[in-house]
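Chains A and B, in that order, give the protein sequences.
The first sequence maps to residues 0 to 188 in numbering that gives the first Met the number 0.
The second sequence maps to residues 0 to 1004 in numbering that gives the first Met the number 0.
Worth double-checking, as some hints may not be accurate.
What the hints assert, rightly or not - Label pairs and their computed distance ranges (CB to CB):
| id | chain 1 | residue 1 | chain 2 | residue 2 | range |
| --- | --- | --- | --- | --- | --- |
| 1 | A | E80 | B | G920 | 55 to 63 Å |
| 2 | B | D801 | A | T36 | 28 to 36 Å |
| 3 | B | A607 | A | E80 | 33 to 41 Å |
What the hints assert, rightly or not - The calculated lysine-lysine pairs, modelled on DSSO-like cross-linking and capped at a C-alpha distance of 27 Å, are:
| id | chain 1 | residue 1 | chain 2 | residue 2 |
| --- | --- | --- | --- | --- |
| 4 | A | K8 | B | K808 |
| 5 | B | K136 | B | K51 |
| 6 | B | K757 | A | K39 |
Unchecked claim - Computed, partial: chain B to chain A, Cβ under 8 Å:
| id | residue |
| --- | --- |
| 7 | F166 |
| 8 | F169 |
| 9 | E606 |
| 10 | E610 |
| 11 | L615 |
| 12 | R617 |
| 13 | I677 |
| 14 | Y759 |
| 15 | A761 |
| 16 | E765 |
| 17 | A828 |
The hints are simulated quantities; they were obtained by calculation from the structure and are not laboratory data.
Even glycine gets a Cβ: it sits at the ideal position worked out from N, Cα and C.
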Amino acid sequence: MSETLSALKGARFAGIAVVTEAGLRGMITVRGDLADTDVKNAVTGVAGVDMPGQREINTVGERGIAWMSPDELLVMVPHGEAEQAVETMNAALTGAHALVVNVSDARAVFDVTGPHAREVLGKLMPVDFSAVGFGPGMIRRSRMAQVPAAVWMTGEDAFRVVCFRSVAQYVFDLLKAAAAEGSEVGLYA
Amino acid sequence: MSTRLAQGGRRIDRRKSVEFRFNGKRLKGYEGDTLASALLANDQMMVGRSFKYHRPRGIVASGAEEPNALFNTGEGATFEPNQRATTTEIFAGLEAKSQNHWPSLEFDIGAVNAKLSRFLPAGFYYKTFMFPRFAWKHLYEPFIRQSAGLGRAPEAEDRDGDTYEHFYGFFDVVVIGGGVAGLQAAKAAGEAGAKVLVMEQTAQWGGRAAVDGGEVDGAPVADYIAATVAALEAMENVTLRRRMMGAGVYDHGYLLAYERLRDHCPDEAGPRHRLWRIRAGRIVTATGAIERPLSFAGNDIPGVMLASAVRDYIVDYGVSPGDRVVVVTNNDDAYRTAIAVKEAGLSVPVIVDARVGGGGALADQARALGIRVETGKGIAKVHGTKRVEGVAICAQAGEGAVLDEVGCDVVAMSGGWSPVVHLWSHCGGKLNWDEAQACFRPDGNRPPTDQDGEGFVLPAGAANGELGLGAGLTDADAAGKRAADETGHKPGRGKAPVAADVDEAALEPVWLMPQGAGAKLRMKAWLDYQNDVKVSDVQLAAREGYESVEHTKRYTTLGMATDQGKLSNINGLAILSDALGQPIPQTGTTTFRPPYTPISMGAIAGEARAEIFQPLRRTPMHDWHEANGAHWEPVGQWRRPYCYPKTGESHAAAVAREVMATRESLGLLDASTLGKLIVKGPDAGRFLDMLYTNMMSTLKPGKCRYGLMCSENGFLIDDGVVARLDDDTFLCHTTTGGAERIHAHMEEWLQTEWWDWKVYVANVTEQYAQIAVVGPNARKVLEKLSEDDLSAEGFPFMAWKDVTLNRIKTRVYRISFSGELSYEISVPASEGRALWNMLLEAGDEYGATPYGTEALHVMRAEKGFIMIGDETDGTVIPQDLGLHWAISKKKEDFLGKRAQERSHMTDPKRWKLVGLETVDGSVIPDGAYAVADGTNANGQRNVQGRVTSTYFSPTLGRGIAMGLVLNGPDRMGEVISFPGTDGKTYDAKIVDPVFYDKDGEKQNV
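Can you build the whole structure from these sequences, using the hints too?
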């Protein structure tokens, strides 16, 4: 294996929330008929979790499936297994009209954690991050300031943010600014 | 003299003294003071000079409506102009300076304008500065710019030292205004279970109810406020925010709110302002009402104040604006001021009531306190210049003959109250004219409507025209319950709190005092303090034909600038209506636009400044480029190296070095930014045949083909190399700037026109790092790293192949944009840096030279390759560029085909692409036009072509260019002239656009 690098090599910032680049993750875009049994079997077989409903995500450890749109899923596996997972799904989907493509390296992944994490994200994304509005098992594809981003929860007060790799530094800097000391909103915490 | 009273001041903490500076002087106030109350406590009656005539001006109001008391605050990184003293809380170290005077507040040269005031009427600028025309730009405008404006702009080199942020909030019900109406509405909605936000623009809850007094449910109103705030704080579903203003109401329940977090404590860490971007189910506007001034001569002299403000300063801040306060009014409410003054131990020489019938119960109470009340009277004139010295009293019905002179320090005026309807009106709420109260108030039947066609703003309390305490609470309770109900909650049946309203005598509208005031008095009766607009100005505008209130506003400047006419609008349009002989509702109001009061530019920008002003896209090799001295070129949001100058090397020299190294041996290019779109499905070939002008479905797996993409109007929008990965799958390369745009283009056609075609598209641009290995030694380097067959036969031009390079699995496309032997190597982004390092190392023996975008451009121009954005500009079709070979004649259809058959597209006079070779070897300036004989209808020289790309070619040692020229391909060898903007003319010979290696011998080896 050659040396693989995530965009920010695990950068970290601690303010009113802790922001950490989560390193490389295996991510596979699957497009197809989500009601199709072959598609369901292919993705759940690789990810080992149930099919999510609309705007939902199911995860266990580094594996999971996120609903992205009416004909798109994001399948997650450990980074090193992504290519194999693509082949496995492609094999399972032979003859079906579907697209399976490895996008692991097109992404940067951040963890935002702490009691003020909801507020930090609420400064940057037009999403209701109140406990009623957003909870575990939900995923939102939206924007973070000026770039696309998706977000879900990995635990209590713990969020995972996914953006494009090229804007990793921008997103990290945004999160740093939003998590600056003294900037608590006092709404969700 | 204005001064601090020995007692009183419910907003201040007398144990905590605060020192601040005003115009360099050290002054003292107390915690809780506004800058206005603290200045009055220090007898600073005069606070600025007026905009146009530079007249001395004092504090008029106690809240957001203040027109005069605007200051430059802070220094350097904290400097900010036009800060209202009445809404600026003082803090230790506050630095405030008065505005619009020179050399000093007390002695001001500009005051000479006042002497010339009869020569500076409404529309003066428009009338005077029209002729001669040239003088506007060179004489008048610079002069006006110099004298115009209130605060000064921050210094260009200063940077705002504070931080700002946005926050996205979501609530069922948002209540704007934390007075008694807002608190009651929030309580009613909160008790019903709605998620409520209630905001108050000042630092204190309760609005002015505690100053005005009264009882709620048998207890003092202050107790009601405290109890209601406590009840709201105890509700988990209610958020309370102070120092937060409802700034603007927009479509679909979108609301902007402006929270001032650190203005009063700038030394604490954290953002200074936060702009809340809120989605609200219902918005309750409990924004209160603003008192109107009265228009009498000298109503702008420092010491003439709103009656409500006078009692605010006494009750809220323990500040006496003056020992002797004359009250002038057309309504009962101002009697409260007289009573408050008297109760503070100060003197009220007389209450001048314009109504013949005088007042009701409050008037009786004032008389019982021994205050002299004159009914049917008005003020003829205020005496004094820098502060009030006395008033002349006259009959309101007359023309101003003086009946009595009364000495005083303060004139407390009240012309009645105007509900704050701004937020109701922002998104289209309509108003009715209330004859009895002489005010506009919301028409509940014509609210602003949301996406369901339902009204989404509910006015409450005084903002809804319910000015009494009891009536206001009842109205607000109903509004809160309705807002909860309409957002799906069940309001309780509890009754609104009960407050008895004092029986008040009817107000009588007074728009001019005395009603028959002559020209001389009218020229001293101010309507708009901030813009120096007088009664006479509006009347003049009416006489000159300005019938629309919007036109009058612009002509006279009434209601413009930072206060947007909060005090002046109603009085001004009443005067206009009178002059036009029409009722006030027929004149109407000017448009209410957000924000309610000015908000900081920093809050609008939020986090978007400095390094996060815009996203900056970086490739996996970005850090290497930076560390190796790359000079950057922005390409979309990417940064690409333009060239890599060595120490002391010019950019031009670096580009030449990079080109020569590549042509002679080996160059490396970071091509990661190129768009990469996967197109897959049984119909993928058919789909690409429609998108590209040439045939893609016949491409064999393992092969690459260059293609052109046009819009349905026939114009070139993108180009790039398509690789067929397998029977069902294509990889389409786009231009760097085209990736997202072309992806969207594909999705649009798939989703709207060809929804039944089986094709999926995915943008994998960022999945891969891509490196071009270019030059005669390119193959040798790769062969060093790989066992795979890379021979000319085993891996021919326009093929692709999976190749393992020293254990890194790559995909290699043998394509060339330089005319050299060239391989574009693609790896997952996480391995991009490793591959880059490996190629640099392996290429070292061949002098591997990283090259930037400019060398890329030069080399493609030497080969006559077009560049989207250079040779195309949205009006160019492939035929213009001689690209007929890439336009299929076999295909029945493709996007742009029919458009390209239109008569204008087939016009032989369309300019066509040619090469241009300067006669003397110089470089034609970019964008230059080739001139032809004669002139056009505008007297400009005729043109016959233009340059699209122009470079110095290090390979050929001369300037080369491409351009679009009339009949160009038929004029080979002809010399045409390109005048430059540098005074020189560049003569160039029309030649073939391929300057270098016409037969492609170098790339096909």
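> Which hint numbers doesn't this structure obey?
Replying inline: Of the numbered hints given earlier, the structure breaks none, since each of them holds.
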